[in-house]
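Residue numbers (this note's numbering), protein chains in the order written: chain V, 1 to 267; chain B, 1 to 592.
Derived from the structure by calculation, the hints contain no laboratory data.
Predicted, not measured: the structure shown is a model, and the values here were computed from it.
In silico lysine to aspartate or glutamate, EDC-like type, Cα no more than 20 Å apart, as pairs:
(1) Lys124/V with Glu199/B
(2) Lys230/V with Glu534/B
(3) Lys89/V with Asp79/V
(4) Lys73/V with Glu445/B
(5) Lys189/V with Asp178/V
(6) Lys124/V with Asp198/B
(7) Lys267/V with Asp209/V
(8) Lys91/V with Asp154/V
(9) Lys254/V with Asp228/V
(10) Lys230/V with Asp246/V
(11) Lys189/V with Asp200/V
(12) Lys267/V with Asp154/V
(13) Lys73/V with Asp55/V
(14) Lys33/V with Glu534/B
(15) Lys91/V with Asp149/V
If you want the footprint, here are the derived chain B segments under chain V, 3+ residues with CB under 8 Å:
(16) 501 to 507
(17) 515 to 522
(18) 529 to 538
(19) 551 to 561
Taking beta-carbon pairs under 10 Å as the criterion, some of the chain B residues facing chain V (in silico):
(20) Met291
(21) Thr294
(22) Ile306
(23) Ile309
(24) Leu310
(25) Thr548
Every residue gets a Cβ at the ideal spot worked out from N, C-alpha and C, and that includes glycine.
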Amino acid sequence: MRVPIAVKVGLFSVLVMGGYTYFANSIPQIESKPPQELSLEGGNVTPAQLIKAGDEIYKTKGTCEICHRIGQKGTRAPDLGGVGARAAKAKPGMTAKAYLIESLINPNAHIVEGYPPIMPAVDKPPIALNRSEVWALTAFLESLGGNVDVTLNDIPATVGAGGAGGTAAAAELKMPGDPKLGKAVYMGKGTCLACHKAGDIPGTPVGPDLSQIAKIQTPDYIMRKILDPKGMGTVANYPAGVMPQDFGTRLTSKEYVDLMAFLLTLK
Amino acid sequence: MPTARRSARLLLLLAAAVVLLSLLPAEAQEAAKGEAAYRNFPLLGSRLAVWAVAQLHLNFAAFILGVPIFAVIIEAVGWRTGDARYDWLSHELVKLTFAAFSTTALLGALLLFLFVGYYPRFWAYMTSVFFPTYWIYALLFFLETFTVYLWYYGWDWLSGSRKWIHVGLGVLSNLFGTAILFVANSWVTFMISPAGVDEAGKLTGGVWAAITNFTWMPINIHRLIANIVFGGTICAAYAAFRFLAAKTDEERARYDWMGYIGNFIALAAFIVLPFAGYWLGREIYAFNQTMGITMMGGFMSWLWIIQAILIGILFLGSNYYLWLGMERIPGSERYRKYVPPMLIILVIGFMVWATPRSMVVTLDEARAMGGTHHPLLGFFGVMSAKNTVVNLMILTTFLSFILYRRANRVSTKPWVKTGMAVQWAAFAAAAVVVVFYGVYGYFVESIVRIGFSVYQVIAVLAAIALVMAVDIPMFKGARTTGQIRWGTIAPRSQYVLILLAVTFTWLMGLMGFARSGIRQHWHVYGILRDTSPEAVTPALGYASNVITVVTIVFFALVMFIFWLGGLADRGKAGAHGHAPAPVIAGGSDPRR
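Using the sequences provided together with the hints, build the complete structure.
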């Protein structure tokens, strides 16, 4: 039986593409996952936890490993081995943590000789680390040969203003709402305390502790998180999809503004 | 009673229908209030739906934009030389394009519906930046459509003394088509390298600033050239199919010639395509170092190994086709001795280019090697080696073409020896420059090394220009050693043409994934984040599965459309007055 040309050509083409597909499936399979938001339990973390979190950020969301190595000289960026000790002596009169923080959020301020000024600000998109994450990353870098003494208060309040959604927002925002009424919403209609602790208000630890949320996150982030919890992603180590999606319709505008005013008092 | 019951039932049904209908606007309003950022496409998921339709649309768009570019050149050649074969070929090519025109538009509309329906927030943002360009796009589309219609349907009407008007229409349709490409590219490049907006994504510098972002012009040029390559390979594959299915020698000769022309066009454009790629890569680095490094050394690093293999196959395939083609040219025997060394250069180049920097090894193997870099092969996995071999492969392919070009010709010019010496010197000088900077690249920092590729490219381009500048006058009026025996080429050569078309189409899909994937979890890099559950950028295996399925669908659609396009000609062969199908077998003009 004579095989039609169309069949021969079709089989040949499928065979060629099958070969390419097989090869592409046989090499290392690496996905690029969106980074998770990190919230550090209202700021109450031990140095060891902080360093561990910073190490994770260094390898993942911070994308530091693309250029930096620890204990190995890179062609694009300096070796970070012992940077905690070196940072203390890098600039006279400047502490290690101040040097490291400035290097992270304003990389062109301290260019190491022999390297190009190619580092992006880590608190701006596309990396867009939030304040918690810059804190943890600084602690991790300090731990590389130095003492870990950085606190959340050392990280400027403007850090992370770029927002995880990629849209800038003012760092200082005065809400017109009433914090007292907002607290009532938090404990009543909003049912927030069912999952969150907030200062002296106890709560089940289903979601992150909000005791210092105004210090850790930007107003823009908090506002978005209430209206679109799923869209803003789940905080690491917490279950996804628990926070209700309907606050935008369940709360009135006034209740929403009052709630925000209350949350911004949690520092 | 039964009548009353029936009436009551009818009334109830009517009432229910009225309530349902009245609820629809309310539901729509509720939906608008919620204004979802994403909706889920049934079964496939939104991302896969957009991916598949976008890839199909781009394949068709590349074809209908690329083919007319060389169709009008071929028509102009036919007009100026009076050779009816070219006019016939140009008409055949535009006929293929014409058949694919409406499918491209339909797929474009479908893509738009998918964006509006399933990514409404993303599309609203893009509209807030690019709204004025939508009108320009629509206007250009109308202009291009009408011009192409006039060009195709006016073939006979605008012949003879009015041919210049017809060729002018072809040029005009190409200008409109290119402008459409540039407008659409402004949207896609803005997503990669946004400009003219502040950190909040608000337009600050005017829409022109958003259009002229870092990657806009490199992608314009890259796509323009790639479209010509793609169009050439598809036309060559079409000719190959017709050759294999041909019943007569005349038909075989005609489609052998058409396949050769298609491949020649593809090859000529393909040689300069890597240079446009370098430029695009440099601009990505200039826009954002992190993005550039992620693209070349991050999770996408293995993609370039696959790309190297595909391009290696394209180089080997193109050369093999030329070498097989030389067998039907009397007088080509004297050049066969060059084939083995050229093959060796191409194979070694292919192997070096496809060498990964880091090996896939077990832990024990890694320990034995002292890392994932092989002590010897690791040297070939870096850009210095890869840039060097790709430039040498381009030079070799160009040499293949030069030999094919002169296969049945002997120059009668008195300065032929000098001319040949100049040509060989140009080849040698380019090779020396390429190898020198390739080796030197191992001893300098990466930032310096990147600049070396420019010198290598300039050396190769200069050699190509110089060799052609000598070759054209040297072989003008040359003595012929025999006519090309069109139609006698080995049938396996036609499978090579199909291989080239399939490989290039697959490669386009892969590069589309690379272009889109480097944004990672951003719709618009650094401005608008992808917060959908499908924000993960998939691994290469998954991507290649999608690319393969879409490419199969594309070829199935192309075959169907070409079959539809050919229906009109059935039963009225030779009815076209503009240019009858030429008889080519053994009657080729040896000057070509």
